[in-house]
Amino acid sequence: MKIVVCIKQVPDTAEVRINPETNTLVRDGVASIINPYDMHALEAGLQMREAAGAGTVTALTMGPPQAENALREAVSMGIDEGVLLTDRAFAGSDTWATAYTLAKAIEHIGADIIICGKQAIDGDTAQVGPEIAEFLQIPHVAYVRKIDSLKDGSIIVQRLMDDGYDIVESSLPVLLTVVRELNVPRMPSLKGKMAAKKAVIRQMKASDLKADVNSLGLQGSPTQVRNIFAPEAKKDRKMLEGSSEEKVDQLLKELAGLKCL
Amino acid sequence: MDYFLNEEQLMIRDLARQIAEEKIVPVRAELDETGEFAWDVMKTLAQSDLFGLFIPEEYGGLGKGCLELSIAVEELSRACLGISTSFAANALGTYPILLFGTDEQKKKFLPDIASGKKLVAFGLTEANAGSDAGGTQTTAKLDGSEYVINGTKQWITNGGVADIYTIIAITDRSKGPRGASAFVVEKGTPGFSFGKKENKMGIRASATTELVFDNCRIPKENIIGKEGMGFVVAMKTLDNSRTGVGSQGVGVAQGAFEEAVKFARQRVQFGHPIITFQAIQHMLADMGTSIEAARALVYAVARFIDSGAKDVSKESAMSKLFATDVAMKVTTDAVQILGGSGYMKEYPVEKMMRDAKILQIYEGTNQIQRNVIGQALIKEAARNK
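Chains A and B, in that order, give the protein sequences. Using my numbering, the first residue of the first sequence is number 1, and each one after it goes up by one. Using my numbering, the first residue of the second sequence is number 1, and each one after it goes up by one.
Bear in mind the hints are in silico, worked out from the structure with no lab data behind them. Worth double-checking, as some hints may not be accurate.
With the Cβ distance kept under 7 Å, some of the chain A side facing chain B (calculated, not the full set) [as the list claims (entries may be wrong)]:
| id | residue |
| --- | --- |
| 1 | M187 |
| 2 | L190 |
| 3 | K191 |
| 4 | K193 |
With a straight-line Cα cutoff of 27 Å, these simulated DSSO-like cross-link-like pairs (lysine-lysine) come out [as the list claims (entries may be wrong)]:
| id | chain 1 | residue 1 | chain 2 | residue 2 |
| --- | --- | --- | --- | --- |
| 5 | A | K191 | B | K106 |
| 6 | A | K197 | B | K23 |
| 7 | B | K43 | A | K191 |
| 8 | B | K314 | B | K385 |
| 9 | A | K146 | B | K43 |
| 10 | A | K191 | B | K117 |
| 11 | B | K107 | A | K191 |
| 12 | A | K191 | B | K108 |
| 13 | B | K118 | A | K191 |
| 14 | B | K175 | B | K141 |
| 15 | B | K262 | B | K345 |
| 16 | A | K146 | B | K23 |
| 17 | B | K43 | A | K197 |
| 18 | B | K23 | A | K191 |
Glycine included, C-beta positions come from ideal geometry on N, C-alpha and C.
Chain A with its partners taken away, still in its complex shape (with noise of 0.2 Å):
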């Protein structure tokens, strides 16, 4: 079995900065760290790989070069190979772009199951896992909480609704996207450590791909970043104190002093 995990390298939230001027990320001295959710979906094919005690794992990420760090920490967990697809043809990538080129990627990798996380920290967009899925014309399943079973080419999964959960059946080959409460993502190990250190990273280029060049990249982008701003911060707040009851009672006198009851 072929497992491929789509991972994101993205800034450490926690350390996250708007420059007040420019409006913009500050990344100048922020760690970067594979996205969380991703960490969730490596976990989940490992755990899949040796539940059938056979298969490969391949981590794939698209980035700028130093993105390699992120498939060193993948293979430091235990996966098989990482992939790096990095090339000047793919910057500026919107989420269909993006989703354009991992397909391509992935149909040169081959795969039976690919997951990713739910979404992407940075942008939360959650589009660039169900798309892949429609490039390359499989099904998905998003926002996976369990596996419950996978044997004989179909796959047998919990989605999670805002209201409970779907049990989704589907053939192979798929795309799951997954969520937090599908694992515990593993600690790396001294022996992958020290595998991460000496492994070889794949890079693929533009060149390597079946692409149409003018779907990669910007040029490839239906949608662009015009601007990024902090929403301006509302100073006339009020916060209520008390035991539920007594904030209930206070917030339906504001709201009828504000006349919207």
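Since chain A is already given, all that's left is putting chain B on it; use the hints.
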């Protein structure tokens, strides 16, 4: 200070620190309260290969030495001495097999120890034999192809939770100290049971019990080394492990020191953070200096042991003595700097102070360490005459 650790040593430090911060700090207060054994953390340590650090590669370990083990123990101790005690006692229990075991014994026991599948405990202390190992009353009598063990070991770290026990018992009382031998006993052997779990002042996340042997029969092959070598096995084991206790001292002192600095920067009195007051600064200066001195000594002795030096008794005793006295002083001063807050369980320093006390007691009290150092000095002086 930069100790010029190599890349692998830094990797070990970073991994142990990550486990300490992500898996140990969040649970340490609760484990201290309940006294429960930290099985989840042990599982993480096992998956991370840390149990195999000092075990040769041919037996499934990483083939590293005393320095690497010290680095890992220090980082775990910075978060919780109870958990680091369970981890370090594993090495203590393994050294007899590692240093004196036959190839068959190593093949049989070391791979499961290296993988963390089985924990180990070392059993020397008894009701009448602590500092004076000569008072050992547990006996092992050869009967055909088996040894029959009778007696009770007390205050044994990892008692009950370990699967493998290396113990010292008397095989020939008439020979005095040369009448003791070391054995491996596996959990589940008929006649081998555990007494009550001790209710301790500190290191409460570690398990401490009696080991009770009542006509416990073990195969003759389970003797470690030869008959009569028991005390040599015990002493060489302690020579190797004492530096680990020193690194526990460095770690817990570092953890308490960091808490004290953090608190002193936040706590405002007389209109200023208390860290701006010279009285506090001088305490912190002394704490920081003594920790660095202790770490330098522990690393130097660990490197000395790893060099293959033949006699390390004096140096390992010095590293244990100095670093654990530093730990007691620094953790006590940390509580003092935190004042009333430091005395409360909401802050981790009172636990660190309670935990640190054991370091001056176990694996040879610091008075015994001074005896070891004193005797070595006498020997050296006589040799140089």
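To see whether the hints hold, each was checked on the structure:
Taking 7 Å as the C-beta cut-off, the interface hint given for M187 (chain A) holds, the closest approach to chain B being about 5 Å. With a cut of 7 Å, the hint placing L190 (chain A) at the interface with chain B holds, because the nearest CB-to-CB distance is about 4 Å. A hinted interface residue such as K191 (chain A) counts as satisfied when its beta carbon comes closer than 7 Å to some beta carbon of chain B; here the least separation is about 5 Å, so the hint holds. Annotation: K193 (chain A) was flagged as interfacial toward chain B, and the flag holds, the nearest CB pair being 5 Å apart, inside 7 Å.
Restraint check for K191 (chain A) and K106 (chain B): satisfied, since their Cα atoms lie roughly 21 Å apart, inside the 27 Å limit. Between K197 (chain A) and K23 (chain B) the CA atoms are separated by roughly 24 Å; this keeps the pair inside 27 Å, and the hint holds. Among the hinted pairs, K43 (chain B) with K191 (chain A) is consistent with the structure: their alpha-carbon atoms are about 16 Å apart, no more than 27 Å. With a CA separation close to 19 Å, the supplied pair K314 (chain B) and K385 (chain B) stays within the 27 Å bound.
Under the criterion of a C-alpha separation no larger than 27 Å, the hint pairing K146 (chain A) with K43 (chain B) is consistent with the structure, at around 22 Å. Proximity of K191 (chain A) to K117 (chain B) is assessed by CA-CA distance (about 17 Å); at most 27 Å being required, the pair is judged to hold. Distance check on the hinted pair: K107 (chain B) and K191 (chain A) sit about 20 Å apart at the alpha-carbon level, within 27 Å; holds. At most 27 Å may separate the alpha-carbon atoms for a hinted pair to count; K191 (chain A) and K108 (chain B) meet this at roughly 22 Å.
For the proposed pair K118 (chain B) and K191 (chain A), the alpha carbon gap of about 19 Å is at most 27 Å, so the pair holds. With a CA separation close to 14 Å, the supplied pair K175 (chain B) and K141 (chain B) stays within the 27 Å bound. This hinted pair checks out: K262 (chain B) and K345 (chain B) have alpha carbons roughly 17 Å apart, not beyond 27 Å. With a C-alpha separation of about 23 Å, the suggested pairing of K146 (chain A) with K23 (chain B) holds against the 27 Å cut-off.
Under the criterion of a C-alpha separation no larger than 27 Å, the hint pairing K43 (chain B) with K197 (chain A) is consistent with the structure, at around 24 Å. The suggested pairing of K23 (chain B) with K191 (chain A) holds, with an alpha-carbon distance near 20 Å, which does not exceed 27 Å.
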